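Participant: Sequence:
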Amino acid sequence: MSRWSGPFVIKEVFPHGAVEFLKPGGGDQSFKVNGQRLKIYKGGELVRHNEAFLLTDPP
1 MSRWSGPFVI KEVFPHGAVE FLKPGGGDQS FKVNGQRLKI YKGGELVRHN
51 EAFLLTDPP
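Taken in order, the sequence shown gives residues 1 to 59; the numbers are from this note's numbering.
Hints may contain errors.
[Stated by the list, open to error] Below, in silico cross-link-like pairs of lysine-lysine (DSSO-like), each with a Cα-Cα straight-line distance of 30 angstroms or less: (1) 32 to 42; (2) 11 to 23; (3) 11 to 39; (4) 23 to 39; (5) 32 to 11; (6) 23 to 42; (7) 11 to 42.
To be clear, the hints were calculated from the coordinates, so they are not data collected in a lab.
These numbers come from a predicted model, not from an experiment.
The whole structure should be built from the sequences, with the hints applied where relevant.
Facilitator: Shown next, in the form of structure tokens:
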């Protein structure tokens with residue numbers, strides 16, 4: 001089985017161009033790839049996740 005059988009979650013993007021992926025439901029198994037080898041996804045519907053953080057002054 002190929003480790004490229006996705007979908008994946010991006011865990012971290014490193015300054016030197018590497019990208020670390022997690023497989024959802026795969027525990028904490030991750031792997032890193034050279035970000036220059038990644039291709040733009042151009043098929044199907046994308047699910048976008050938005051997060052909001054409320055910033056408050058400490059008490």
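Participant: Can you list which hints this structure breaks, lowest number first?
Facilitator: The structure conflicts with no hint, since it agrees with every one listed earlier.
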